[in-house]
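Participant: Listed below are the residues making up each chain.
Protein chains: 2
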Amino acid sequence: MTVRSINRIYQLIQPDLVKVEENLTALTRVDFPWLSELLSYCFEGGGKRIRPAVTLLAGQFYDYDLDTLLPMATSVEVMHTSTLVHDDAIDKADIRRGRPTINKIWDDETAVLLGDYMFARAGQLAADTNNIRVVKLFAQTLAIISSGELNQAYNAFNLKQTRQQYIARIAGKTASLFCLSIDSGAILSHAPEPSIEILHEYAYNLGIAFQIVDDILDFTSTEKEMGKPIGADLTQGTLTLPAMLLLERFQEDNPVKRLSENRMARDNIKQAIEMVRNSSIIPECYRVAAEYSARASRRLHQLPDKPCRQALIDIADYVVSRKK
Amino acid sequence: MTVRSINRIYQLIQPDLVKVEENLTALTRVDFPWLSELLSYCFEGGGKRIRPAVTLLAGQFYDYDLDTLLPMATSVEVMHTSTLVHDDAIDKADIRRGRPTINKIWDDETAVLLGDYMFARAGQLAADTNNIRVVKLFAQTLAIISSGELNQAYNAFNLKQTRQQYIARIAGKTASLFCLSIDSGAILSHAPEPSIEILHEYAYNLGIAFQIVDDILDFTSTEKEMGKPIGADLTQGTLTLPAMLLLERFQEDNPVKRLSENRMARDNIKQAIEMVRNSSIIPECYRVAAEYSARASRRLHQLPDKPCRQALIDIADYVVSRKK
Numbered sequence: 001m002t003v004r005s006i007n008r009i010y011q012l013i014q015p016d017l018v019k020v021e022e023n024l025t026a027l028t029r030v031d032f033p034w035l036s037e038l039l040s041y042c043f044e045g046g047g048k049r050i051r052p053a054v055t056l057l058a059g060q061f062y063d064y065d066l067d068t069l070l071p072m073a074t075s076v077e078v079m080h081t082s083t084l085v086h087d088d089a090i091d092k093a094d095i096r097r098g099r100p101t102i103n104k105i106w107d108d109e110t111a112v113l114l115g116d117y118m119f120a121r122a123g124q125l126a127a128d129t130n131n132i133r134v135v136k137l138f139a140q141t142l143a144i145i146s147s148g149e150l151n152q153a154y155n156a157f158n159l160k161q162t163r164q165q166y167i168a169r170i171a172g173k174t175a176s177l178f179c180l181s182i183d184s185g186a187i188l189s190h191a192p193e194p195s196i197e198i199l200h201e202y203a204y205n206l207g208i209a210f211q212i213v214d215d216i217l218d219f220t221s222t223e224k225e226m227g228k229p230i231g232a233d234l235t236q237g238t239l240t241l242p243a244m245l246l247l248e249r250f251q252e253d254n255p256v257k258r259l260s261e262n263r264m265a266r267d268n269i270k271q272a273i274e275m276v277r278n279s280s281i282i283p284e285c286y287r288v289a290a291e292y293s294a295r296a297s298r299r300l301h302q303l304p305d306k307p308c309r310q311a312l313i314d315i316a317d318y319v320v321s322r323k324k
Numbered sequence: 001m002t003v004r005s006i007n008r009i010y011q012l013i014q015p016d017l018v019k020v021e022e023n024l025t026a027l028t029r030v031d032f033p034w035l036s037e038l039l040s041y042c043f044e045g046g047g048k049r050i051r052p053a054v055t056l057l058a059g060q061f062y063d064y065d066l067d068t069l070l071p072m073a074t075s076v077e078v079m080h081t082s083t084l085v086h087d088d089a090i091d092k093a094d095i096r097r098g099r100p101t102i103n104k105i106w107d108d109e110t111a112v113l114l115g116d117y118m119f120a121r122a123g124q125l126a127a128d129t130n131n132i133r134v135v136k137l138f139a140q141t142l143a144i145i146s147s148g149e150l151n152q153a154y155n156a157f158n159l160k161q162t163r164q165q166y167i168a169r170i171a172g173k174t175a176s177l178f179c180l181s182i183d184s185g186a187i188l189s190h191a192p193e194p195s196i197e198i199l200h201e202y203a204y205n206l207g208i209a210f211q212i213v214d215d216i217l218d219f220t221s222t223e224k225e226m227g228k229p230i231g232a233d234l235t236q237g238t239l240t241l242p243a244m245l246l247l248e249r250f251q252e253d254n255p256v257k258r259l260s261e262n263r264m265a266r267d268n269i270k271q272a273i274e275m276v277r278n279s280s281i282i283p284e285c286y287r288v289a290a291e292y293s294a295r296a297s298r299r300l301h302q303l304p305d306k307p308c309r310q311a312l313i314d315i316a317d318y319v320v321s322r323k324k
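Line by line, the protein sequences give chains A and B.
Residues in the first sequence are numbered from 1 upward in steps of one, following the working numbering.
Residues in the second sequence are numbered from 1 upward in steps of one, following the working numbering.
Simulated from the structure, these hints should not be mistaken for lab results.
Predicted, not measured: the structure shown is a model, and the values here were computed from it.
No residue lacks a Cβ here, since even glycine has one placed at the ideal position from N, Cα and C.
Be aware that a few hints might be false.
What the hints assert, rightly or not - A few chain B residues that don't get close to chain A, going by computed Cβ distances all over 12 Å:
| no. | residue |
| --- | --- |
| 1 | N7 |
| 2 | R133 |
| 3 | K136 |
| 4 | A153 |
| 5 | R163 |
| 6 | G172 |
| 7 | H200 |
| 8 | E223 |
| 9 | A232 |
| 10 | R263 |
What the hints assert, rightly or not - Taking lysine-lysine pairs in the BS3-like style, the calculated list, with each CA pair at most 25 Å apart, reads:
| no. | chain 1 | residue 1 | chain 2 | residue 2 |
| --- | --- | --- | --- | --- |
| 11 | B | K228 | B | K104 |
| 12 | A | K136 | A | K224 |
| 13 | A | K270 | A | K136 |
| 14 | A | K48 | A | K19 |
| 15 | A | K48 | A | K228 |
| 16 | B | K270 | B | K19 |
| 17 | A | K92 | B | K92 |
| 18 | B | K136 | B | K228 |
| 19 | A | K136 | B | K19 |
| 20 | B | K323 | B | K48 |
| 21 | A | K19 | A | K224 |
| 22 | B | K92 | B | K306 |
| 23 | A | K92 | A | K324 |
| 24 | A | K323 | A | K228 |
| 25 | B | K104 | A | K104 |
| 26 | B | K104 | A | K92 |
| 27 | B | K136 | A | K136 |
| 28 | A | K104 | B | K257 |
| 29 | B | K224 | B | K48 |
| 30 | A | K92 | A | K306 |
| 31 | B | K136 | A | K19 |
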């Protein structure tokens with residue numbers, strides 16, 4: 001399988017992704033210079049824009065109505081960015097996408113209020129679709145994400161989590177936003193209900209695959225590549241799939257176990273990363289991610305045979321192969 | 001002028017306010033015991049429920065449609081509670097309504113995520129009205145509130161604020177939610193546009209009066225009465241009307257000025273409170289609040305002569321006379 005680069009996959013929607021960027025820039029034009037500066041800083045940070053991309057692609061199977069798809073594609077990116085701003089404040093993270101975080105440059109207060117403001121703007125954009133079903137999905141998704149984050153905080157350093165709990169957790173904190181992005185694209189282009197269902201199934205599995213790979217990269221990548229420190233999950237006590245497999249395989253002498261007993265003993269993080277890298281855990285995690293990725297595309301052939309269909313399949317391949 | 005007690009004013013809508021309470025309790029029934037506990041803690045704290053009350057009262061002039069008014073009345077109370085949860089985390093406040101805050105019992109992380117979750121639930125309730133105009137107002141209001149809070153943070157300890165800036169700030173952080181509460185009640189009961197406008201004017205002025213009195217009470221009340229420490233605004237560097245008048249009157253030797261030069265010199269807060277209490281500043285602030293309160297009710301006589309009209313007038317009187 002040759003995996004196409006993300007830019008080649010995006011080709012189909014490139015002009016419209018440019019419009020999403022323009023919408024993001026338009027959001028920064030507010031009558032309060034400091035707020036304008038904060039918003040510009042957030043949106044200039046880049047990112048793959050994968051969520052708006054899948055909204056637009058999901059919208060191409062039926063009536064590609066940019067009047068509603070563009071605000072929605074912008075909305076999901078703004079919502080994503082807001083959750084990052086709050087997460088960084090909560091995690092006391094200093095770096096994101098290779099640049100200091102909002103809470104680092106300014107403070108936690110600023111990050112919390114800015115995140116709130118961006119949630120609101122994301123909500124306004126969702127409401128700009130004039131589609132109440134989409135608005136309901138939007139609000140529901142924010143509830144699921146924050147409840148998923150609360151669940152993650154609650155289970156920090158809890159070694160007795162099952163793999164099922166892990167999947168449920170990443171479904172809440174990550175897959176739900178992929179579902180919003182894709183379901184809304186389908187709904188706004190007036191896809192028939194069975195097609196919406198197929199795309200929803202795609203979105204859920206894509207989101208799970210995406211997050212598993214994120215969790216893998218937190219062990220295997222470098223700070224330079226990721227634009228943020230490696231081992232961040234263990235630092236927060238978040239047990240991801242690689243850490244869970246490490247706990248299963250080395251039941252006696254285990255750095256993750258020691259870390260949970262003494263959270264200050266940070267040398268265990270480095271050791272856990274080493275042990276995971278030098279075992280078959282990483283290939284096994286990739287196998288799980290690839291399963292979800294395959295499951296994502298499984299029923300896409302039932303949708304109209306349009307170029308966007310292949311692009312979605314390519315994205316499912318991409319999320320597993322990506323290096324950052 | 002005899003001011004009626006808030007319970008007598010609420011008589012007209014008492015059975016429906018009970019339903020709002022039931023809705024709040026229903027929100028706590030989630031499949032995650034800790035989250036359920038957090039939500040119960042927030043909603044059991046009480047409060048005047050003035051925002052849902054005015055939504056319901058504004059809805060009584062025309063078609064009193066409880067199917068949409070009840071979710072909306074619940075929505076504004078949930079949004080209000082979320083902003084308090086975030087504010088307390090940001091201000092590092094320990095006490096609210098006589099009980100420890102969420103950030104005090106748990107931590108800042110919990111408060112941020114719980115606030116996010118409640119914003120989302122408030123949004124879901126607003127969307128339950130199936131009225132896209134109301135949903136747009138909801139999202140717009142959250143943007144205005146958080147932008148107002150950012151403005152307040154930005155201007156902390158800034159002595160060069162004008163009274164106009166103060167009014168603009170409290171319009172954003174307080175009056176906007178009164179406007180949402182009342183405008184949505186009017187819209188959902190199919191009030192004609194001129195009536196919506198009259199009620200909007202009422203809401204704006206009511207909100208300003210309400211916040212001025214809040215700012216007065218932060219100087220004149222007691223911790224026991226308020227359920228939270230007095231002098232909290234000065235501690236945060238928030239310059240309210242009493243502090244601004246104190247700065248105007250004592251231009252040379254002024255405790256607020258000294259506090260802005262050395263934020264650690266907390267004895268200046270106590271001294272500022274004493275000076276404000278022993279001057280004519282408080283009556284003057286009440287005069288300003290009473291002006292806004294009068295302006296609130298000024299055009300209500302143009303609305304249908306129904307009992308809810310007198311109740312709104314009574315609420316405008318109440319917000320100026322209230323002791324907590």
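Participant: Sort out which numbered hints this structure fails and list those numbers smallest first.
Facilitator: Of the numbered hints, 2, 3, 4, 6, 12, 13, 16, 18, 21, 22, 28 and 30 do not hold.
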